[in-house]
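J.: As a plain string of letters, each chain reads:
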Amino acid sequence: MNENRILVVDDEPQIQRFLHPALTASGYDVITATTGAEAERMIATSAPDLVILDLGLPDKDGKEVIKTVRAFSEVPIIVLSARDREVEKIAALDLGANDYVEKPFGIGELLARVRTALRQKVAGTSVPSRFEWNGLAVDMAKRVVTLKGEELHLTRKEYQLLVHLVLHPGLVVTHRQLLASVWGAAHVEDVHYLRVFVGQLRAKIEEDPNHPQFIRTEAGVGYRFIAE
Amino acid sequence: MADYGQQTRPDPDKLLELATRETRGKLTVFLGAAPGVGKTYAMLLRARRLKEDGVDIVIGLAETHGRTETAELLDGLEVLPRKQIGYRGRSLEEFDLDAALVRKPKVLVLDELAHTNAPGSRHPKRHQDIEELIWQGIDVWTAMNVQHLESLSDLVTKITGVIVRETVPDVVLKRADEVLLVDLPPAELIARLKEGKVYLPGNAERAAVGFFKPANLTALRELALRRTADRVDDQMIDLLRQNAIEGPWATGERLLVCVGPDSLSDKVVRTASRLASGLNARWLVVSLTKTSDAGMDIGANQRLDELLDLAERLGAETRRVIAGDFVDEIFRIARRENVTQVVLGRPKGKRFANPFRRSLPDEIVKRFTDVGVHIVTGDEQDKPYVPPAPQKRSRRELAESIAIPVVATAATTLLGLGASEIVHPQNLSMLYLVAVILSAMSSGRFAAIIAAGLSFVLYNYFFIDPIHNLSIAKPHQLFSLIIFLGVALMIGDLAGRLRDQVARSRNQAKNTQALYEFSRKLSGTARLDDVLVAAAMHLHSTFGTGVVILLPEEGDLSLQTAWPPDLTLDNTDMTAVRWAFEKNERSGHDTGTLPQIHWQFLPILTSHGVAGVLGLSMLEHPASLTENEDRMLTAILDQTAIAIDRALLVRENAKTAALQESEQLHAALFSSLSHDLKTPLASITGAVTTLRELGGRIKPEGRDDLLLSIEEEAGRLTRFVSNLFDMTRIEAGTLKVKSSPVDAADVIVSSVERMKKLKPGVAIDISIAPDLATASGDSSLLGQVLFNLLDNAAKYGGEGAISVYAKQDATGVVINVTDQGKGIPAKDIDRIFEKFYRRVKGDGRAAGTGLGLSICRGFVEAMGGTIKAESPAIRKRGTRFIIRLPIFDETKNEDTAA
Numbered sequence: 009m010n011e012n013r014i015l016v017v018d019d020e021p022q023i024q025r026f027l028h029p030a031l032t033a034s035g036y037d038v039i040t041a042t043t044g045a046e047a048e049r050m051i052a053t054s055a056p057d058l059v060i061l062d063l064g065l066p067d068k069d070g071k072e073v074i075k076t077v078r079a080f081s082e083v084p085i086i087v088l089s090a091r092d093r094e095v096e097k098i099a100a101l102d103l104g105a106n107d108y109v110e111k112p113f114g115i116g117e118l119l120a121r122v123r124t125a126l127r128q129k130v131a132g133t134s135v136p137s138r139f140e141w142n143g144l145a146v147d148m149a150k151r152v153v154t155l156k157g158e159e160l161h162l163t164r165k166e167y168q169l170l171v172h173l174v175l176h177p178g179l180v181v182t183h184r185q186l187l188a189s190v191w192g193a194a195h196v197e198d199v200h201y202l203r204v205f206v207g208q209l210r211a212k213i214e215e216d217p218n219h220p221q222f223i224r225t226e227a228g229v230g231y232r233f234i235a236e
Numbered sequence: 070m071a072d073y074g075q076q077t078r079p080d081p082d083k084l085l086e087l088a089t090r091e092t093r094g095k096l097t098v099f100l101g102a103a104p105g106v107g108k109t110y111a112m113l114l115r116a117r118r119l120k121e122d123g124v125d126i127v128i129g130l131a132e133t134h135g136r137t138e139t140a141e142l143l144d145g146l147e148v149l150p151r152k153q154i155g156y157r158g159r160s161l162e163e164f165d166l167d168a169a170l171v172r173k174p175k176v177l178v179l180d181e182l183a184h185t186n187a188p189g190s191r192h193p194k195r196h197q198d199i200e201e202l203i204w205q206g207i208d209v210w211t212a213m214n215v216q217h218l219e220s221l222s223d224l225v226t227k228i229t230g231v232i233v234r235e236t237v238p239d240v241v242l243k244r245a246d247e248v249l250l251v252d253l254p255p256a257e258l259i260a261r262l263k264e265g266k267v268y269l270p271g272n273a274e275r276a277a278v279g280f281f282k283p284a285n286l287t288a289l290r291e292l293a294l295r296r297t298a299d300r301v302d303d304q305m306i307d308l309l310r311q312n313a314i315e316g317p318w319a320t321g322e323r324l325l326v327c328v329g330p331d332s333l334s335d336k337v338v339r340t341a342s343r344l345a346s347g348l349n350a351r352w353l354v355v356s357l358t359k360t361s362d363a364g365m366d367i368g369a370n371q372r373l374d375e376l377l378d379l380a381e382r383l384g385a386e387t388r389r390v391i392a393g394d395f396v397d398e399i400f401r402i403a404r405r406e407n408v409t410q411v412v413l414g415r416p417k418g419k420r421f422a423n424p425f426r427r428s429l430p431d432e433i434v435k436r437f438t439d440v441g442v443h444i445v446t447g448d449e450q451d452k453p454y455v456p457p458a459p460q461k462r463s464r465r466e467l468a469e470s471i472a473i474p475v476v477a478t479a480a481t482t483l484l485g486l487g488a489s490e491i492v493h494p495q496n497l498s499m500l501y502l503v504a505v506i507l508s509a510m511s512s513g514r515f516a517a518i519i520a521a522g523l524s525f526v527l528y529n530y531f532f533i534d535p536i537h538n539l540s541i542a543k544p545h546q547l548f549s550l551i552i553f554l555g556v557a558l559m560i561g562d563l564a565g566r567l568r569d570q571v572a573r574s575r576n577q578a579k580n581t582q583a584l585y586e587f588s589r590k591l592s593g594t595a596r597l598d599d600v601l602v603a604a605a606m607h608l609h610s611t612f613g614t615g616v617v618i619l620l621p622e623e624g625d626l627s628l629q630t631a632w633p634p635d636l637t638l639d640n641t642d643m644t645a646v647r648w649a650f651e652k653n654e655r656s657g658h659d660t661g662t663l664p665q666i667h668w669q670f671l672p673i674l675t676s677h678g679v680a681g682v683l684g685l686s687m688l689e690h691p692a693s694l695t696e697n698e699d700r701m702l703t704a705i706l707d708q709t710a711i712a713i714d715r716a717l718l719v720r721e722n723a724k725t726a727a728l729q730e731s732e733q734l735h736a737a738l739f740s741s742l743s744h745d746l747k748t749p750l751a752s753i754t755g756a757v758t759t760l761r762e763l764g765g766r767i768k769p770e771g772r773d774d775l776l777l778s779i780e781e782e783a784g785r786l787t788r789f790v791s792n793l794f795d796m797t798r799i800e801a802g803t804l805k806v807k808s809s810p811v812d813a814a815d816v817i818v819s820s821v822e823r824m825k826k827l828k829p830g831v832a833i834d835i836s837i838a839p840d841l842a843t844a845s846g847d848s849s850l851l852g853q854v855l856f857n858l859l860d861n862a863a864k865y866g867g868e869g870a871i872s873v874y875a876k877q878d879a880t881g882v883v884i885n886v887t888d889q890g891k892g893i894p895a896k897d898i899d900r901i902f903e904k905f906y907r908r909v910k911g912d913g914r915a916a917g918t919g920l921g922l923s924i925c926r927g928f929v930e931a932m933g934g935t936i937k938a939e940s941p942a943i944r945k946r947g948t949r950f951i952i953r954l955p956i957f958d959e960t961k962n963e964d965t966a967a
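Chains as they are written, first to last, in the working numbering: chain X, 9 to 236; chain Y, 70 to 967.
The set of hints was computed from the structure by calculation and includes no laboratory data.
Don't be surprised by glycine CBs; every beta carbon is placed ideally from N, CA and C.
There could be a bad hint or two in this list.
Listed next, the stretches of chain X that the computed footprint assigns to chain Y, with coverage defined by at least 3 CB atoms under 8 Å from CB atoms of chain Y [claimed, not checked]: (1) 18-24; (2) 101-115.
Computed list of lysine to aspartate or glutamate pairs in DMTMM-like fashion (alpha-carbon distance at most 20 Å, straight line) [said to hold, decoys possible]: (3) Y:Lys864 with X:Asp19; (4) Y:Lys768 with X:Asp37; (5) Y:Lys864 with X:Asp67; (6) Y:Lys747 with X:Glu110; (7) Y:Lys747 with X:Asp19; (8) Y:Lys768 with X:Glu11.
Which stretches of chain Y does chain X cover? Using the computed rule of at least three CB atoms under 8 Å from a CB of chain X, they are [stated by the list, open to error]: (9) 744-756; (10) 775-782.
Given only the sequences and the hints, what does the whole structure look like? Please build it.
T.: This is the structure we're talking about:
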């Protein structure tokens, strides 16, 4: 039915070896590339609906591929990366990757990210003015946030922060992206602002701010709004 | 207005001073007007009271002078034993500074601030001992009479007629945290003297009677009272400054004091010091030297040094000024420094004063309109500075300066006699002038004067009527003769001066050249040792002294370089070295610290503080360094310091680079390990989760392939982990190989089979020489080595077949593994056996651990063999690994077994 086409870019044959059958069995049309140049060519010619990209490629850096692709395509990109390559991962997200999965990963986790990213792609065409999850409602037309029917009083920054997160449901948003859109480009390094404001926001919307249900911290990377 | 604003803020310097004071000990001075007023008594009485309050107070030294009431006070107080110092066969008792530093009481009582220590003590003066104690955080109480104060010593001499020899610099009293005046009216003091309660050294008794006159005592008492009152004033002002209280305290006065090498200048400095302390003004002492005299007269320079030293001790800023026009220069300094008053001296009784030239004081008075001018007049004793007589000439020089004019004038006379027929005798005087100039040029002024005299006599005798007679017949000839003598003397003097100047410039040029050579030599050396040796050798050749250089090492200073190389330092020398290093000042010979040793130590000051200490052995150089030598020394020291600084930086750089490289290596190793472990883990996790979650939706062939991939990846992980273990065993040295017979052919075949099972597509040719001898080693280790080499060849060797070849030569069994890949560049071939070395960097290389080859080497060497790589192997391609194992020696092995 959905026959979404996914391009898997990885030079390790072992990874391709299980990704291919797993994605096929989940109903996706899988095409593969093993180098960065091949990946760029295939994105341009085969129009995949999503790209799964390993950052370590034999011919060029995966980040380069993202940069090139973002110049002509908004195709969702999920990055495969090792946990010790934190800086690389954040750079990839800032360059326009939509999400990441850390190796080693279970196939379920990857498939969940793939679904979120694909849904985002569909939703991206028309932005709804109202979101509601688990009792938290954000009405962007009226600029009103309610929790279980009760109106919350958010400051301007808190509101902007929340809106930016709910506009990317289920996807990670990096510190840099949040800071740039809420505080402006001059403040992209001021991560401590975020800690303070996310803390305040959680205190208002979360039942237990120590075990947040809505805004999850992606340590060292950013935040993710849980919309499941 | 800006000044006003500044003054209302707390003065940062004052606050800083306060902060340093807090870690330092406190100095309390008991000040008295004269001996016998009861300073020691008062001090001990106070000490007892403190002791009763439980304060840790110790008597370092207290002079009771046999007075029982004072001695009784010592009862119950801890008294440090005195140190015996042997000096010229006598034994002197002295205060034991080191014992006091070790004991480290809260408060130490140390009498007689003005005391001069016995030769052989650490410091020549007691106030220096006290300075050290205070630095170590010990509070010190001490006592002194006002007459010993440096700035008052001339005044005291004038009042009492007693010459004060032991003086204390004013700064000591100024820096004291507390000054207590011990006062006794003169009448009572005289009464005490009559009762015999005042101690006087035996031989001073008669002088003392003159000293203890009511008039003297009253004057001294006034001095003491005034000094104490001044101090209270100062303290109040300090307090105001620290607390930024506005007030009328800023006098804003600034004194400029001009001194020269004349003997009156001492008096000028002292007078200015009193004036400054009375006005509470800052004062600047400048020494004046004419540009034309600069650097000429060592005596005058030393004299100026002494004067400026004195001024500094009295609390002045000092500056040396070389100027063409004194009045201009003084005027300029006065403007720049906002001077309000000028102090200078005018010697009395200038007998040959030039009526056409105004004296300096007159000029100053005329020039300055808004500045007060103080003129200190001299008396008959004050003499203008007379340059010391030139140094004694060597006998050779003396002979030369007589012989040259004699020969020159004699030759002129002979020439004149020969030419008298054609030249008018009057013109012959010109010839004599030539002789005078020649003498001056070749031997200096002295010779010129002799030549002038001789010429005068000879010319008169031989050429002026009446000839052969020194009398003169005609008056006009007398006139021309006198003119001739005058001209000869003047020309001779000028020429001689010129010669001296040339000699001096030549000497300076030589010094400059030497310094230049030295700095060039230093700039070519980057290694610390070379720098030190070059510096030591250069200093040795410049001053003819022994030279040592010490640098800090593991918390202490250690001798790095000595020239001549056999020089050593004893314990006392090392104390002086540490002093120079810690205090950043000269120590040892001719300084204030341990002057009795023959070394002089100088701190080597770099931009990062004191880098080390330089020592000069003054044994060969008994006098102190001359001004000129000192300048040379400072210049060389500066150059050396820069070079040392640079050498240390280079060394530091190298260290940092090495560290960085090792850190990079670590990072690379870590990321490689992480990649190699994670890729199989990621595959296994991915395949397993796929099977569990999506298994039903995958075709049977797909499921089989996933299971196979799990098996393979698990195998890869196993190999990787066992490689790591093997490496650990090699590293830890726990790999013990029992030498046993190895059939290389068997091992080769089984390794190749194992390889073919893992990678079925790889082509491997085997070629084994017939009658291959049995090798000595371990079959399983050799198998692992061959497997690693084959694995390597399959990974990096490209598409071509791998060949394995075994033969035997005189020394052992040789096994070659050759691939047909790209080969390895010559620069890398030695590194491939290094642990975690991989030629292809980054994430996208073929999977491997970077351990295979280093394990091969470890194993082969453990078996007593060797392994090496050659590239290119065949036709500019490929890599060949050559293993050489010893041949199994049955007899030997049985021997060891038995």
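J.: Tell me, which hint numbers fail for this structure?
T.: none
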